[in-house]
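Asker: Given two chains presented individually in distinct reference frames, assemble the corresponding complex, making use of the accompanying hints.
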Amino acid sequence: MLIQTIHGLTPLEELEVHDQVEWFDNARKTTTTWTRSGELVRQDVHVHILRGLAADAAQGGM
Amino acid sequence: MANSQAIATSFKVELFNGIHALGTTVTRGGTTADTFKAALYVATGSIGAGTTAYSATNEVAGTNYTAGGVTFSWVAPTSSGTTAYSTPSASLAWTTVTLSTSFDCVLLYNSTQSNKAVASYTFGATTVTAGNFTLTMPTNDSTNGLLRLA
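Which chain is which? The protein sequence lines are B and L, in order. Per numbering that gives the first Met the number 0, the very first residue in the first sequence carries number 0; after that it's consecutive. Per numbering that gives the first Met the number 0, the very first residue in the second sequence carries number 0; after that it's consecutive.
Next up, chain L with everything else stripped away, as it sits in the complex (with noise of 0.2 Å):
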């Protein structure tokens, strides 16, 4: 198996059903935003657009790195012509780990919503020794944001 990029199959159904807030304009019983987290995985997983939610199966493991991965935000939504976009807020950063089993994926999901995937990104084989691993956003437009729906 390997690991692929993709938006979750089940988030843009979720999105119809309202099961996801990025942001704080939200009509459900309050406005406050879902909480997203993002989690790395070994480059023998199988994520990708049949993933529905994070699992602790294949996800990496190692010094300083802890199990369900970070928690980050994003961006107020908006859109741009006809694409709505977001993208997290900062970079996604793993600090002092030591990951020695070869990782290659990132998983976005809403761990307030039962941990439902919303996207996997994957970087080519990686290893971490005694140091940091950070993943920069690209530039949150309609063209480069993380996450856009066209």
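Extracted from the complex, chain B is given alone in its bound form (with noise of 0.2 Å):
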């Protein structure tokens, strides 16, 4: 199987593959690192999205 890369289309079992999870208050993000014989030649990252923003409405007395 090939995979795109910095070398072009690249055999899979040339590659190590490491992944890395990060937490924010609202967000994961998933970065997947591409390496051959120490060189980076891929990465990709995925960011989920937990939560959105809120805009909080007031609403004022009279």
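In case anyone wonders, no lab produced these hints; they're calculated from the structure. For clarity, every value in this text was computed on a predicted model and none was experimentally measured.
To give a feel for the contact side, a few chain L residues facing chain B, derived at Cβ under 10 Å:
(1) Q4
(2) L14
(3) Y84
(4) Y120
(5) N143
(6) L146
Far from chain B, some chain L residues (derived; all Cβ distances over 12 Å):
(7) A1
(8) G17
(9) I18
(10) A32
(11) S45
(12) G49
(13) N57
(14) E58
(15) V69
(16) S72
(17) K115
By construction, the Cβ of each residue, glycine as well, lies at the ideal position given by its N, Cα and C atoms.
Answerer: The following block contains the structure:
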């Protein structure tokens, strides 16, 4: 199986892969790093936003 | 400077003025929703509540990244209890990109309405090399929806 890298399509078996997961207040980020003989040849990042933003409406009195 | 996540203050005002149409229930001349886009910003940018419109300043640049970002659609706005909400209908994705300068922010904006800002979201310093950058959206409900007005 081939995967796109900075060197073009590269056989998967030539690569080492490492996943790093980071947590934020409202998101989880997974960084997948692909290396070949220690060289970074590809890095994918997936951010899952767990919760969006709210604008709280405030009602005044009369 | 640094990026921060916030619903643009200007967007809140513009809602009162009927500027933005996320859905098709519109009472302007037509019933076509506006076009919205998402652009990425470098970590040294200053995107936040005070951002009023898209700008190319501090936007990322790199292989297969198109200035202005990607286009997306909103799930039809609705409400639950006293909270109105909506969320992009699909993940925001940039494929086979190389973004070497650290970035940490996405700005959603209305390209139909003079690129007016909607909201910004941050996710920590990030680089991508010959790979994919994907922003998966939260559950579209009154607790987690990407954009909520309580």
